[in-house]
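The primary structure of each chain is shown beneath.
Number of protein chains: 2
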Amino acid sequence: MKIAFIGAGRLAANLAPALKNAGCDLIEVWSKTQASAEALAAYLDCKASWGRVGNATRKADLYVLSVKDSVLKEVIMELHFGREQALFAHTAGSLPLGLFSESGHERGAVFYPLQTFSKERIVDFSRVHFFIEAFKAADLELLIGLARCLSPLSNIHETSSAERRRLHLAAVFACNFANHCFALSDEVLHAADLPFDAMLPLIEETVQKLHELAPAQAQTGPAIRRDENVIGMHRAMLLDQPQLLAVYDVLTQSIQKMKH
Amino acid sequence: MKIAFIGAGRLAANLAPALKNAGCDLIEVWSKTQASAEALAAYLDCKASWGRVGNATRKADLYVLSVKDSVLKEVIMELHFGREQALFAHTAGSLPLGLFSESGHERGAVFYPLQTFSKERIVDFSRVHFFIEAFKAADLELLIGLARCLSPLSNIHETSSAERRRLHLAAVFACNFANHCFALSDEVLHAADLPFDAMLPLIEETVQKLHELAPAQAQTGPAIRRDENVIGMHRAMLLDQPQLLAVYDVLTQSIQKMKH
Chain A
123 MKIAFIGAGR
133 LAANLAPALK
143 NAGCDLIEVW
153 SKTQASAEAL
163 AAYLDCKASW
173 GRVGNATRKA
183 DLYVLSVKDS
193 VLKEVIMELH
203 FGREQALFAH
213 TAGSLPLGLF
223 SESGHERGAV
233 FYPLQTFSKE
243 RIVDFSRVHF
253 FIEAFKAADL
263 ELLIGLARCL
273 SPLSNIHETS
283 SAERRRLHLA
293 AVFACNFANH
303 CFALSDEVLH
313 AADLPFDAML
323 PLIEETVQKL
333 HELAPAQAQT
343 GPAIRRDENV
353 IGMHRAMLLD
363 QPQLLAVYDV
373 LTQSIQKMKH
Chain B
123 MKIAFIGAGR
133 LAANLAPALK
143 NAGCDLIEVW
153 SKTQASAEAL
163 AAYLDCKASW
173 GRVGNATRKA
183 DLYVLSVKDS
193 VLKEVIMELH
203 FGREQALFAH
213 TAGSLPLGLF
223 SESGHERGAV
233 FYPLQTFSKE
243 RIVDFSRVHF
253 FIEAFKAADL
263 ELLIGLARCL
273 SPLSNIHETS
283 SAERRRLHLA
293 AVFACNFANH
303 CFALSDEVLH
313 AADLPFDAML
323 PLIEETVQKL
333 HELAPAQAQT
343 GPAIRRDENV
353 IGMHRAMLLD
363 QPQLLAVYDV
373 LTQSIQKMKH
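Chains as they are written, first to last, in the numbering used here: chain A, 123 to 382; chain B, 123 to 382.
Hints listed in this document are in silico derivations from the structure and should not be mistaken for laboratory results. Since the structure is predicted, the reported quantities are computational estimates derived from the model, not experimental observations. Be a bit skeptical, because a hint or two may be false.
To be verified - Chain B regions said to be covered by chain A (calculated; three or more residues, Cβ under 8 Å): (1) 259-270; (2) 278-292; (3) 312-323; (4) 330-341; (5) 357-370.
Claimed, not checked - Below, a list of computed lysine-lysine pairs in the DSS-like style, where the Cα atoms sit at most 25 Å apart: (6) B/K379 with A/K190; (7) A/K379 with B/K190; (8) B/K241 with A/K379; (9) B/K379 with A/K381; (10) B/K241 with A/K381.
To be verified - Here are some of the chain A residues that sit facing chain B, going by a computed Cβ distance under 10 Å: (11) T155; (12) A157; (13) E160; (14) E242; (15) L262; (16) A284; (17) F295; (18) H302; (19) D319; (20) Q341; (21) D371; (22) M380.
We treat Cβ as the ideally placed atom computed from N, Cα and C, and that holds for glycine.
Using the sequences provided together with the hints, build the complete structure.
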């Protein structure tokens with residue numbers, strides 16, 4: 123099976139090398155810009171194409187579409203011509219499989235690795251969960267086999283678009299919002315020239331606990347203790363940072379309203 | 123140096139065994155209730171006392187006070203009589219050293235390990251940062267030496283009450299609020315019978331990134347991308363859960379207002 127990557131962003135920069143290392147046949151990377159297509163293609167030792175997506179190879183059996191959500195539909199429509207028989211799999215958490223039928227492509231699928239990707243770090247895919255969906259049973263099997271090259275079968279799930287959208291929302295809370303709490307913590311410390319590094323063992327223990335306790339059961343701190351003295355003091359410390367105070371208040375209330 | 127623990131809660135249940143393992147001489151655990159004092163004392167193979175804090179031993183050189191913030195002042199005042207020469211060290215993030223002078227105890231100090239403690243897990247203190255403060259230089263040295271039994275010198279800091287209060291506020295964001303984001307993620311999944319376990323590799327990668335990137339630099343997700351389509355879809359999914367929607371909105375705005 124010949125694979126082409128459409129898009130050379132953070133997800134592609136992690137997934138494509140992992141697939142190549144697992145022995146897959148990557149034949150081309152397309153990206154809007156020549157520089158980013160060539161950079162990833164050089165790393166993968168395959169061809170590069172750029173400009174209009176119609177410039178991409180027509181010889182692949184599977185096109186992995188990892189482009190911005192906002193352009194995915196038009197990419198599918200343009201890529202469809204001359205590649206009607208190929209399998210297209212998008213990698214987006216929030217976009218439905220139905221996008222392919224709107225674009226008239228019959229062999230549509232979703233191949234969604236639930237992970238946060240950066241170009242600075244290589245993700246270990248053996249721990250990543252994959253959520254897969256396809257119009258045709260044979261395509262579903264094919265993509266399960268592909269995920270199986272990277273991760274154990276217990277991490278591979280057939281999931282509807284509605285479930286995947288919910289997983290993506292859950293990931294926003296667990297990853298994006300938690301990371302923003304780390305950033306706000308950094309901001310609190312920065313104001314007093316204190317180092318964020320001291321928080322790392324605390325953060326790591328907070329995460330380690332999740333292996334043994336549900337997060338609601340693991341909750342600690344002044345909000346859950348309803349320690350009004352400490353909460354009042356914290357609020358006073360944040361009076362000159364209204365955005366941090368707004369976050370402090372809404373999360374404190376949310377902790378107190380949750381059943382623990 | 124003979125050490126007594128005043129309080130047998132989660133912090134004491136982690137710190138006292140760690141000190142004993144490091145070769146310290148723990149002579150007694152006091153707790154309000156007989157059962158909790160005896161449980162921890164049995165684990166430490168030392169004496170137990172309970173009831174009024176005046177019942178605690180008078181023979182210790184150092185009393186580690188790990189009681190609720192709200193009762194600390196009265197505990198110090200009652201413990202002071204007959205133990206005027208002993209060193210008292212409290213372990214609270216948000217209470218000032220000045221509490222001891224208000225209570226007339228001259229050898230007051232703070233011994234604050236920045237960590238989240240639960241009775242279900244034993245914390246590895248070799249990675250914990252300690253923040254120490256004392257009225258007398260000799261007591262400061264003594265407590266630095268004590269922390270040194272557990273953690274490398276680079277993790278031990280002399281810190282003012284104002285800095286410690288700020289560290290504690292930062293820890294509320296990094297630990298308590300991040301954990302609540304995990305709990306809200308769990309709630310989003312639970313509504314659709316999806317397992318929280320799939321989030322763990324994502325959460326762990328989010329934390330691993332902090333070793334290489336400042337959290338503001340590591341931010342990903344629809345808020346930072348200003349992906350209004352996805353944000354609008356997420357908000358629609360949360361319309362029947364107003365508390366989650368309030369958190370979603372405040373954190374999304376806060377991410378967008380932060381300089382990244």
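Hint check results:
Under a criterion of three residues with beta carbons nearer than 8 Å to beta carbons of chain A, the stated coverage of the segment 259-270 of chain B fails, only 0 such residues being counted. Remark: the segment 278-292 of chain B is confirmed as covered by chain A, as 9 of its residues place a Cβ nearer than 8 Å to a Cβ of that chain, reaching the required three. With 8 residues having a Cβ less than 8 Å from any Cβ of chain A, the segment 312-323 of chain B passes the three-residue criterion, so the hint holds. As drawn, the segment 330-341 of chain B meets chain A at 11 residues by the rule of a beta-carbon pair under 8 Å; at three or more, the given contact holds.
Counting residues of the segment 357-370 of chain B whose beta carbon lies closer than 8 Å to any beta carbon of chain A gives 7, which reaches the threshold of three, so the coverage claim holds. Simply put, B/K379 and A/K190 have alpha-carbon atoms about 22 Å apart, close enough for the 25 Å limit, and the pair holds. At roughly 22 Å between alpha-carbon atoms, A/K379 and B/K190 fall within 25 Å of each other, so this suggested pair holds. This hinted pair checks out: B/K241 and A/K379 have alpha carbons roughly 24 Å apart, not beyond 25 Å.
Note on B/K379 and A/K381: the hinted pairing is violated, with a Cα-Cα distance of about 31 Å set against a maximum of 25 Å. Under the criterion of a C-alpha separation no larger than 25 Å, the hint pairing B/K241 with A/K381 is consistent with the structure, at around 20 Å. Because the beta carbon of A/T155 sits about 18 Å from the nearest beta carbon in chain B, more than 10 Å, this interface hint is broken. The beta carbon of A/A157 is not positioned within 10 Å of any beta carbon in chain B (closest approach about 21 Å), and the interface hint is therefore violated.
Evaluation of the A/E160 hint against chain B yields a violated restraint, the C-beta minimum of about 25 Å exceeding 10 Å. Given the 10 Å rule on beta carbons, the hint for A/E242 holds: about 6 Å separates it from the nearest Cβ of chain B. For A/L262, the shortest C-beta to C-beta distance to chain B is roughly 19 Å, which exceeds 10 Å, and the interface hint is violated. Taking 10 Å as the C-beta cut-off, the interface hint given for A/A284 holds, the closest approach to chain B being about 8 Å.
Checking A/F295 against chain B: minimum C-beta separation of about 4 Å stays under 10 Å; hint holds. With its C-beta approaching chain B no nearer than about 5 Å, A/H302 sits inside the 10 Å limit, and its interface hint holds. Annotation: interface hint on A/D319 holds; nearest CB of chain B at approximately 8 Å, less than 10 Å. Interface restraint check: A/Q341 against chain B, minimum CB-CB distance 6 Å, threshold 10 Å, status holds.
With a cut of 10 Å, the hint placing A/D371 at the interface with chain B holds, because the nearest CB-to-CB distance is about 8 Å. Proximity of A/M380 to chain B holds as hinted, the smallest CB-CB distance being about 6 Å (cut-off 10 Å).
In this structure, the earlier hints numbered 1, 9, 11, 12, 13 and 15 are contradicted, and the remaining ones agree with it.
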